[in-house]
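Chemist: Let the hints inform the model, and build the full structure from the sequences given.
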Amino acid sequence: MSIKHKAYSTEFKINAIEEYIKTGKSQKKICEDLNITSTSAFGRWVIQYNEKGPDSFYENEKPRREAAKENKNDELTRLRAE
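First residue of the sequence shown? That's 1 in the UniProt record's numbering, and the numbers climb one at a time after it.
Quick caveat, the hints were computed from the structure, so don't treat them as lab data.
We put the CB at the ideal spot given by N, CA and C, even for glycine.
Where hints are given, some of them may not hold.
[As the list claims (entries may be wrong)] Each computed DMTMM-like pair below joins lysine to aspartate or glutamate, with the alpha-carbon atoms no more than 25 Å apart:
| no. | residue 1 | residue 2 |
| --- | --- | --- |
| 1 | Lys13 | Glu59 |
| 2 | Lys4 | Glu59 |
| 3 | Lys29 | Glu18 |
| 4 | Lys25 | Glu11 |
| 5 | Lys29 | Glu19 |
| 6 | Lys13 | Glu51 |
| 7 | Lys29 | Glu11 |
| 8 | Lys22 | Asp33 |
| 9 | Lys28 | Glu18 |
| 10 | Lys6 | Asp55 |
| 11 | Lys4 | Asp33 |
| 12 | Lys25 | Asp55 |
| 13 | Lys13 | Glu32 |
| 14 | Lys13 | Asp33 |
| 15 | Lys4 | Glu51 |
| 16 | Lys52 | Glu19 |
| 17 | Lys28 | Glu51 |
| 18 | Lys29 | Glu51 |
| 19 | Lys22 | Glu32 |
| 20 | Lys25 | Glu51 |
| 21 | Lys4 | Glu32 |
| 22 | Lys22 | Glu51 |
| 23 | Lys6 | Glu18 |
| 24 | Lys22 | Glu11 |
| 25 | Lys52 | Glu11 |
| 26 | Lys13 | Asp55 |
| 27 | Lys6 | Asp33 |
| 28 | Lys6 | Glu19 |
| 29 | Lys22 | Asp55 |
| 30 | Lys28 | Glu11 |
| 31 | Lys6 | Glu32 |
| 32 | Lys6 | Glu51 |
| 33 | Lys52 | Glu18 |
[As the list claims (entries may be wrong)] Computed beta-carbon distance windows for the label pairs:
| no. | residue 1 | residue 2 | range |
| --- | --- | --- | --- |
| 34 | Ala81 | Gly24 | 53 to 61 Å |
| 35 | Thr23 | Asp55 | 43 to 51 Å |
| 36 | Glu51 | Arg80 | 41 to 49 Å |
| 37 | Lys4 | Gly43 | 15 to 23 Å |
| 38 | Thr39 | Thr10 | 17 to 25 Å |
| 39 | Ser26 | Glu59 | 24 to 32 Å |
| 40 | Glu59 | Glu32 | 53 to 61 Å |
Modeler: In structure tokens, the structure reads:
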């Protein structure tokens, strides 16, 4: 049986980390309160936040559907032109 990984938005991650920093709660307690399934993933988020800042989470975002759709349309147009 495969394990399904839950995806969290960039805003959710940043808000969770900032709550962790402001409240002084343990990482485990934050994960329980916010239903984050992996405490180790949350720990990696905290390290990334501390080392690279909150903007680093936006660098890892995958393209939105619209951008992906535009890329497909551009590729189709290019292929038709060939």
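Chemist: Check each numbered hint against the structure and report the violated ones by number, ascending.
Modeler: 15, 35 and 40
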